[in-house]
Amino acid sequence: MSINCIAVDDEPAALDLISSYIEQTPYLNLIGRYNNAIAALQEVHQSPQLQLIFLDIRMADLSGIELARIISQSDKKKNLRIIFTTAYDQYAIDGFKVDALDYLVKPFNYVDFSKAAEKARDYFFMYENSLQAGSNEFKPILEQRPYIYLKVEHQLVKVDVEDILYIEGLKDYVKVFLRSTDKPLLTLTSLKRLQEKLPVDMFLRLHRSFIVATAAIKSATKTSVQVGTTTIAVSEQFKEDFNAFLNKWVL
Numbered sequence: 001m002s003i004n005c006i007a008v009d010d011e012p013a014a015l016d017l018i019s020s021y022i023e024q025t026p027y028l029n030l031i032g033r034y035n036n037a038i039a040a041l042q043e044v045h046q047s048p049q050l051q052l053i054f055l056d057i058r059m060a061d062l063s064g065i066e067l068a069r070i071i072s073q074s075d076k077k078k079n080l081r082i083i084f085t086t087a088y089d090q091y092a093i094d095g096f097k098v099d100a101l102d103y104l105v106k107p108f109n110y111v112d113f114s115k116a117a118e119k120a121r122d123y124f125f126m127y128e129n130s131l132q133a134g135s136n137e138f139k140p141i142l143e144q145r146p147y148i149y150l151k152v153e154h155q156l157v158k159v160d161v162e163d164i165l166y167i168e169g170l171k172d173y174v175k176v177f178l179r180s181t182d183k184p185l186l187t188l189t190s191l192k193r194l195q196e197k198l199p200v201d202m203f204l205r206l207h208r209s210f211i212v213a214t215a216a217i218k219s220a221t222k223t224s225v226q227v228g229t230t231t232i233a234v235s236e237q238f239k240e241d242f243n244a245f246l247n248k249w250v251l
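For the sequence shown, UniProt numbering gives the first residue as 1, with consecutive numbering after it.
Hints in this document: simulated from the structure, not taken from any laboratory. The model shown is predicted, which means the values in this text are computed figures rather than measured ones. It cannot be assumed that every hint is accurate.
Pairs of lysine to any residue, SDA-like flavour, derived with a Cα cap of 25 Å [as the list claims (entries may be wrong)]: (1) LYS218 / ASP241; (2) LYS222 / LYS183; (3) LYS106 / ASN4; (4) LYS183 / LEU165; (5) LYS115 / LEU15; (6) LYS239 / LYS183; (7) LYS106 / ASP75; (8) LYS106 / LEU62; (9) LYS222 / ALA233.
So the derived label-pair ranges between C-beta atoms look like this [said to hold, decoys possible]: (10) SER180 / LYS106: 29 to 37 Å; (11) LYS115 / GLY228: 17 to 25 Å; (12) GLN73 / PRO146: 25 to 33 Å; (13) GLU162 / SER20: 17 to 25 Å; (14) LEU62 / ASN109: 22 to 30 Å; (15) THR231 / PHE108: 25 to 33 Å; (16) GLU43 / LYS239: 48 to 56 Å.
Every residue gets a Cβ at the ideal spot worked out from N, C-alpha and C, and that includes glycine.
Use the sequences and the hints to build the structure in full.
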């Protein structure tokens, strides 16, 4: 697999470094380098083969965040991804809101760069698999592999769906509780959006704030379930689905 990419940075030294890292990575193909986001936007419009942008954030005229927002609202948002490269870590949340694959904080070395590049390789591997399966929508998380990617701090973390016990929604964030660790993963997304990425036959929405893995339910009443040592109430909104689930348990 070869991923066509460009580098965008208004600092010549940083642009040279990122370009050299791309050229050192066998599965990355550098097709352009730009010192401003407006020129990069023209490349986005003119090059259907472009797949990945290594993008600085603070630039004159058009910032990297603004460019990412333009892309996220276009029909290129699935087959064109962004990895931010910036000296300012305060933009990390903005980066996640535009679905950046990763967020590299300067100065970073080739090891850091290669980890981000590997996330891009995994993404496009799954994306191509979904296309080969005859789908025009990106569904690798459900249909191709039994895991999801969660944005945790400045990185994407791969999580086996069978490792998930339950998920708790907290306004703009969710907590994902796992079998393999006592500490939940905190990720910036909505419960509804995460639910769309989960296999419907493995998870059940019980409350506006909770999704549970059906295999993790140890006991149930008409109004709650027990997952490990945690009791999760069932709200009226989701009673119908819950009762259908309970009926499968009744002998």
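Taking the earlier hints as the rules, which of them does this structure contradict? 2, 6, 7, 11, 13 and 15
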